[in-house]
Structures are given as structure tokens and as C-alpha cells.
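**Student:** Given the sequences, and given the hints that come with them, work out the whole structure.
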Amino acid sequence: MMSLVGLLHSLRRSLLHLEGKLLQSAGFDGHLAPALALNGPRLQLQPQQDEHLDEEQQSPEQPPGILDNIMWMAAPKKRRSIEINRTRRRAVEKLIKVKDNVVPCLECGHLKQKHVLCGFCYEKVRRETSLIRIQINAQEGGPLKAPATETVVLYEGEMPGDQDQDKRIVERARKRPTWFT
Amino acid sequence: MATACTGRGLSFLRSLTRHVRGTALSGRPPAGLHTSAALEVNKNWERRNLQLYPPQLPGEPRRAAEVHHCRRQIKYSKDKMWYLAKMIRGLSIDQAITQLEFNDKKGAKIVKEVLLEAQDMAVKNHNVEYKSNLYIAESHSGKGKYLKRIRYHGRGMFGIMDKVYCHYFVKLVEGPPPAAEPRTGLDQAQEYLLGLRSRTVRHSL
Numbered sequence: 002m003m004s005l006v007g008l009l010h011s012l013r014r015s016l017l018h019l020e021g022k023l024l025q026s027a028g029f030d031g032h033l034a035p036a037l038a039l040n041g042p043r044l045q046l047q048p049q050q051d052e053h054l055d056e057e058q059q060s061p062e063q064p065p066g067i068l069d070n071i072m073w074m075a076a077p078k079k080r081r082s083i084e085i086n087r088t089r090r091r092a093v094e095k096l097i098k099v100k101d102n103v104v105p106c107l108e109c110g111h112l113k114q115k116h117v118l119c120g121f122c123y124e125k126v127r128r129e130t131s132l133i134r135i136q137i138n139a140q141e142g143g144p145l146k147a148p149a150t151e152t153v154v155l156y157e158g159e160m161p162g163d164q165d166q167d168k169r170i171v172e173r174a175r176k177r178p179t180w181f182t
Numbered sequence: 716m717a718t719a720c721t722g723r724g725l726s727f728l729r730s731l732t733r734h735v736r737g738t739a740l741s742g743r744p745p746a747g748l749h750t751s752a753a754l755e756v757n758k759n760w761e762r763r764n765l766q767l768y769p770p771q772l773p774g775e776p777r778r779a780a781e782v783h784h785c786r787r788q789i790k791y792s793k794d795k796m797w798y799l800a801k802m803i804r805g806l807s808i809d810q811a812i813t814q815l816e817f818n819d820k821k822g823a824k825i826v827k828e829v830l831l832e833a834q835d836m837a838v839k840n841h842n843v844e845y846k847s848n849l850y851i852a853e854s855h856s857g858k859g860k861y862l863k864r865i866r867y868h869g870r871g872m873f874g875i876m877d878k879v880y881c882h883y884f885v886k887l888v889e890g891p892p893p894a895a896e897p898r899t900g901l902d903q904a905q906e907y908l909l910g911l912r913s914r915t916v917r918h919s920l
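Line order of the protein sequences matches chains A and B.
All residue numbers for the first sequence refer to the numbering used here, where the first residue is 2 and numbers rise by one.
All residue numbers for the second sequence refer to the numbering used here, where the first residue is 716 and numbers rise by one.
Treat the hints loosely; a few may be bogus.
[As the list claims (entries may be wrong)] Cut-off 27 Å, straight-line C-alpha distance, at most; resulting in silico cross-link-like pairs (BS3-like, lysine-lysine):
1) B:Lys-793 x A:Lys-95
2) A:Lys-98 x B:Lys-801
3) B:Lys-795 x A:Lys-100
4) A:Lys-125 x B:Lys-827
5) A:Lys-95 x B:Lys-790
6) A:Lys-98 x B:Lys-790
7) B:Lys-790 x A:Lys-100
8) B:Lys-858 x A:Lys-98
9) A:Lys-95 x B:Lys-795
10) A:Lys-95 x B:Lys-858
11) B:Lys-801 x B:Lys-821
12) B:Lys-793 x A:Lys-115
13) A:Lys-98 x B:Lys-839
14) B:Lys-758 x A:Lys-98
15) B:Lys-858 x A:Lys-115
16) B:Lys-793 x A:Lys-79
17) A:Lys-100 x B:Lys-793
18) B:Lys-860 x A:Lys-100
19) A:Lys-100 x B:Lys-839
20) B:Lys-793 x A:Lys-125
21) A:Lys-115 x B:Lys-801
[Stated by the list, open to error] Partner residues are not named here, just some residues of chain A that face chain B (Cβ under 10 Å, in silico):
22) Leu-8
23) Ile-97
24) Lys-100
These aren't lab readings, by the way, just hints derived from the structure by calculation.
Note that CB positions come from ideal geometry on N, CA and C, so glycine has one too.
**Tutor:** Structure, rendered in C-alpha cells:
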């Protein structure tokens, strides 16, 4: 925390500096105000004065602190009224758009988006898959014991076919679901 | 009888009568008794369902059935809930449920539950024949009772953080949704002028 004296000094410096800048921008040929070395952008309007600043007026004082820096933080000037706020929050682009790409699923009849899988059908398949996986885990008995062959799932009353000779058989004790071809 | 004359007896009788008066009123505390903020909620939206109309005359057009439903103290922001409420205004109930099902916001799930509850209430209690023959007449969100917490900043500064809650209100009316008339900018301007012209200057000469 700055001492009171230091605070007063920096306030005085910043006020003088502001005064000088105002006079310069008003068009005054002023070397009246003390010019300090700034961290901000140089003024483009009067190139002659810049040279003068560089050569002659080196500030003997301390380098400018945060309070003297012209690049101070932006702050709102006025409170935004509720009308302004409402027009911004309720603008058409911020409202939620009504979707028109929702169609019923041909398999189950639940609603789905056109480019997305039906959630109900996916859940149904996921459940059966998890039961098959439980069966596989029971057969393998532990981690990292998967055989290096393909797997085929057989339901009740099904015999392995010609193509299933070299495959690992996983049996499920229920009839084959209609969607599992 | 003899105790009624003493001070303690009188105060005992007074406390009895206060208790009796308190139970006679339906749920509201007796006037003059200070209660905490948590008890001072108003249930006006729920009370709208209790309104009874007189029986309709034979020639009158049939009054459409209405259901008012709400959910209180939802852990969500009223401003965020407003967008969902605005989206479903004027839609039929099936359309509204469809839109909410495919919306990713947290409030969408809650609003969908409220709509399904209201639809169920309409069919069971409010003499609605077809559950799809409903549309959303009114739908808005309101501010609930907030909890306050401390948010610590640097340099010993702190802010008071609000844990926001909101209410959601919906009114379903029986029938097909009314066709929305598009209001152009010209219509709005004309309405504004009409409003300005119909002002009365009071206490003028």
C-alpha cells in the first residue's frame, strides 16, 4: 500500500500530465506542461514535438507508475438501462431456434433427429451388448485372456454354422432378438 | 374463572385464542405476527386451478379447459429458463415436448417434466378429453429465493455470491394452438402512435 505522501505525489503528477495532454490535443504549441516519458503510444499529430520531447525533456522524476500510465483500464461510463439490456438479451439470434429435423424412428416410433441414431434403439442394443459382455467375462475368467479368434454369439436352439468352426462361441440363454441378424 | 382475573390467566386465554385463530385460517399466519422470509411465499399460480366458473348457458360457446401448473425453487437461473419458456410459448404440447427433448440445456429436462405433469393433471382432474389437444397459452419463469454465499477475492476483499433458484409457470389450454399473426415493424409503429394519441392529460385546463 502506498503512503499518503506518495499517493499525493503521484496524483499531482498525473493531473499535470493530463493537463499537458489536453493542451497538446487542443492544438496549443505548448511546452508549457511538463512532458513525462510515457509507456503509451506516441502522438502522431505533431512529429516535431516528438523530437523535442526525446532530446530536451527527459523527466528527472521517477519513471511513471501505474497511475500515470495513459493506458488505464476500460470501464463502463454509464449504467446500461433495462431496455438496452433486454434488447441485447432477447435479440432474435440469442433465442433458441425451433428444430425442424425431428422425425419418428421407423423401428420403434420414438422421436429422433434425422442425422442421429434413435436413442431408444441404441439403448436397447446397448443393454443386450452389456449382457453379452458379462457372458464373455464369465467365460474368460479374468483380464487379458481374450482368445486370438473371432467371436460368434449364439442364442437358444442355434447351432454353429460352417463359417463358425474356428470361432469362439458365446451363448446367451434367450431367443434371438429380431433386430440381431 | 378466578384465574381469569389474574394477569397470567388472561395471557394464557389470549394465547389460546391466538392459537385457535391461527388454525382457522388456511395456512397463512395471523396478521401482526412476524414470520421468516421462507414462509412468505405466495401460491397464487396454484390457486388459479381452484377457480370455479358458474355452469354455462345452453347457447354459450364452450369454455376451453385450462390447467395452471408450476414448479418452485428449481436450481437454475431465471434468465436461462426464460429462453426455454419463450421457445415453447404458443406451441402445441406435443411440439413443445419434442423441442425440449432435443434441447441440451439443463432446464429443458425440468420443463419437459413439468409439461408432462400438467398434461396428466389436465386429463385426470380438468376434464380434458384428448391429451394432445392442448397448447401452451402462458409460459414464464420467475425468481426463486436465493441463498447467499461468500466469494473470496484477493487483498481481503469479498463478494456475496447468489445461489440462484427459479420458478417455472405454465398454463395449458385445450384446443389447437392459435395461429400466430406476424407483427411487422409497421404494425408496431402504428400501435405505438395509437398509444401516444390515446393518452389523456389529467388536471388540464
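**Student:** For the pair we were handed, Lys-801 (chain B) and Lys-821 (chain B), check the Cα-Cα distance against 27 Å.
**Tutor:** Holds, at about 15 Å.
**Student:** For a C-alpha distance cap of 27 Å, please report whether Lys-793 (chain B) and Lys-95 (chain A) respect it.
**Tutor:** OK: Lys-793 (chain B) and Lys-95 (chain A) at ~16 Å, within 27 Å.
**Student:** Does Lys-125 (chain A) pair with Lys-827 (chain B) here, judged by a C-alpha cut-off of 27 Å?
**Tutor:** Holds. Lys-125 (chain A) to Lys-827 (chain B) sits at ~23 Å (cutoff 27 Å).
**Student:** Can the restraint linking Lys-100 (chain A) and Lys-793 (chain B) be considered satisfied, given a maximum Cα separation of 27 Å?
**Tutor:** Roughly 23 Å between the alpha carbons, so the hint for Lys-100 (chain A) and Lys-793 (chain B) holds.
**Student:** With the threshold set at 27 Å, check whether the alpha-carbon distance from Lys-95 (chain A) to Lys-858 (chain B) stays at or below it.
**Tutor:** holds, 21 Å
**Student:** Taking only the CA atoms, is the gap from Lys-98 (chain A) to Lys-790 (chain B) under or equal to 27 Å?
**Tutor:** Holds. Lys-98 (chain A) to Lys-790 (chain B) sits at ~24 Å (cutoff 27 Å).
**Student:** Is the Cα-Cα distance between Lys-95 (chain A) and Lys-795 (chain B) 27 Å or less?
**Tutor:** holds, 11 Å
**Student:** Taken at face value, is the distance from the CA of Lys-801 (chain B) to the CA of Lys-115 (chain A) at most 27 Å?
**Tutor:** holds, 25 Å
**Student:** Between Lys-100 (chain A) and Lys-839 (chain B), does the CA-CA distance stay at or below 27 Å?
**Tutor:** Violated - the C-alpha atoms of Lys-839 (chain B) and Lys-100 (chain A) are around 31 Å apart, more than 27 Å.
**Student:** Measure nothing beyond the straight line between the CA atoms of Lys-793 (chain B) and Lys-125 (chain A); if it is 27 Å or shorter, mark the hint as holding.
**Tutor:** Violated - the C-alpha atoms of Lys-125 (chain A) and Lys-793 (chain B) are around 36 Å apart, more than 27 Å.
**Student:** Straight-line Cα separation of Lys-793 (chain B) and Lys-115 (chain A) no greater than 27 Å?
**Tutor:** Violated. Lys-793 (chain B) to Lys-115 (chain A) sits at ~31 Å, over the 27 Å cutoff.
**Student:** Once the shortest beta carbon distance from Leu-8 (chain A) to chain B is found, is it less than 10 Å?
**Tutor:** Since the shortest Cβ distance to chain B is 16 Å, the answer is violated.
In summary, the numbered hints that this structure violates are 12, 13, 14, 15, 18, 19, 20 and 22.
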